[in-house]
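Engineer: Construct the complete structure from the given sequences, taking the supplied hints into account.
Residues 62 to 440 in our numbering are what the sequence shown lists, from first letter to last.
In case anyone wonders, no lab produced these hints; they're calculated from the structure.
Treat the hints loosely; a few may be bogus.
As the list claims (entries may be wrong) - DMTMM-like, lysine to aspartate or glutamate: derived pairs with alpha carbons at most 25 Å apart:
1. 369 to 393
2. 233 to 171
3. 281 to 387
4. 224 to 187
5. 267 to 396
6. 142 to 209
7. 173 to 209
8. 369 to 187
9. 431 to 116
10. 168 to 70
11. 125 to 135
12. 231 to 135
13. 255 to 230
14. 168 to 149
15. 125 to 111
16. 369 to 266
17. 252 to 406
18. 303 to 314
19. 267 to 307
20. 231 to 187
21. 252 to 116
22. 255 to 187
23. 267 to 209
24. 267 to 331
25. 303 to 266
26. 233 to 187
27. 207 to 266
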Amino acid sequence: MHICFLSGEYPHSDYPHGGVGTFLQMMSRFLVKNGVFVTIIGIGYSYSDEESDDEGVKVFRLRKSRWSKFRFIDNSNRINKRVNKVHENHRINIIEGAELSFAFVKKNIEIKYLIRLHGGHHFFAESENRGINWWKGYQERQSFKKADAVVGVSQYVVEHTAKYLSFKDKLKGVIFVPVNLDRFYQSDLNKSVKGRIFFAGTVCEKKGIRQLIQAIPIIKREVPEVHLIIAGRDWVFPGSGKSYTDYLRQFMDPSVQDVITFLGSVANSDIPEYIESAQVCCFPSHMETFGIVSIEAMAMAKPLLYTKLGPGPEVVEYGKTGLLCDPLNPEDIAEKLIHILTHPDEVRKMGENARAFAVLNFSLNVIGQKNIQLYNTLL
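Structural biologist: Shown next, in the form of structure tokens:
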């Protein structure tokens, strides 16, 4: 079996990557270890083509377009040519991509096309309460027309994408994102620092970081040693290029400025150490398609406060494997975090339950085998 992923998000050692890139690398390496030939094709970061081998995964990063306008034509032509060349050398059985991936792909009747819902333009337009861009909307509709099958990373992303795009007859269900249990291990409770809250994710409005920062003064009144560690790249406002981190500082009460630390971008390989040192992990996102960092914390048996919106209730069983909060309400975030920080025995049990749940439901082997079964059904 030969699976080809169309994506420019496959991790590169010189550039930061997000959850989709983490998923692609984990799944690709797993598939290779299980006898599947895997190719990655996507637009790269430089003005020259790059070809590499990542533990058996063949990665083709195509040069960035030099065109000043209509780059999508140049990029699509080069992606199509590379797909054809790879297919000629080693027949591709399935091409997988995200929502927009197939808009300008030339279909080959010998290949099946699978869309994995990681959160596309229609999904985020609804979540962020903004209008549909006609051009991006057109691309997604074209992409879904070409797909032979669709799978979601959560029931939430399936239901909300289906409000705008028709794919019911192509839907193959939901397969969660996996966690690497070798890297996200059972944490040592003796290494947790009292009062430490850890947040990881892009520092932007939709991740709920503003409301979390606004909750810190409330928490400090009950937990004087509280301090917040923030790991994630800064977001900038389109047009002005203004830093969102700088924007956040106007919401920081002077009494807590010295207990809030911005780390900036942190390598994914360093995240386990930060999770282990925290007393609690908090990810109050306004919206997610899944939120891989939440299950990374669960896998390490760390007390977790996650969002009650989006897929939160699919991931966390309230009171058993973690707590859920209203991410738009700093008072609710503060109340839940105070409870976690002041009830160590209770939340330790939740952490143990979370680890067991993650092993059973989110391990790379469990999720990987489900994906192999899905690929086999398409063939």
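Engineer: If a hint holds in the structure, say so; if it doesn't, say that too.
Structural biologist: Checked hints:
1. 369 to 393: Answer holds: residue 369 to residue 393 is near 11 Å, not above 25 Å.
2. 233 to 171: Within the cut-off at roughly 20 Å; holds.
3. 281 to 387: At roughly 19 Å apart (the allowed maximum being 25 Å), residue 387 and residue 281 satisfy the hint.
4. 224 to 187: holds (10 Å)
5. 267 to 396: With a Cα-Cα distance of about 21 Å, the restraint between residue 267 and residue 396 holds, given a limit of 25 Å.
6. 142 to 209: Cα-Cα ~21 Å, so holds.
7. 173 to 209: Judged against 25 Å, a Cα distance of about 6 Å means the pair holds.
8. 369 to 187: holds (17 Å)
9. 431 to 116: Given pair residue 431, residue 116 holds - Cα atoms ~21 Å apart, limit 25 Å.
10. 168 to 70: holds (22 Å)
11. 125 to 135: holds (9 Å)
12. 231 to 135: violated (30 Å)
13. 255 to 230: violated (51 Å)
14. 168 to 149: holds (14 Å)
15. 125 to 111: Satisfied, since the Cα-Cα distance of roughly 11 Å is no more than 25 Å.
16. 369 to 266: holds (16 Å)
17. 252 to 406: holds (16 Å)
18. 303 to 314: The given pair, whose Cα atoms are some 21 Å apart, holds under the 25 Å limit.
19. 267 to 307: Roughly 16 Å separates the two Cα atoms, so the pair holds.
20. 231 to 187: holds (22 Å)
21. 252 to 116: violated (32 Å)
22. 255 to 187: violated (39 Å)
23. 267 to 209: The hint is violated at about 32 Å.
24. 267 to 331: Given pair residue 267, residue 331 holds - Cα atoms ~23 Å apart, limit 25 Å.
25. 303 to 266: holds (13 Å)
26. 233 to 187: Holds, at about 23 Å.
27. 207 to 266: Distance of about 34 Å is beyond 25 Å: violated.
Violated hints, in rising order: 12, 13, 21, 22, 23 and 27; the structure is consistent with all others.
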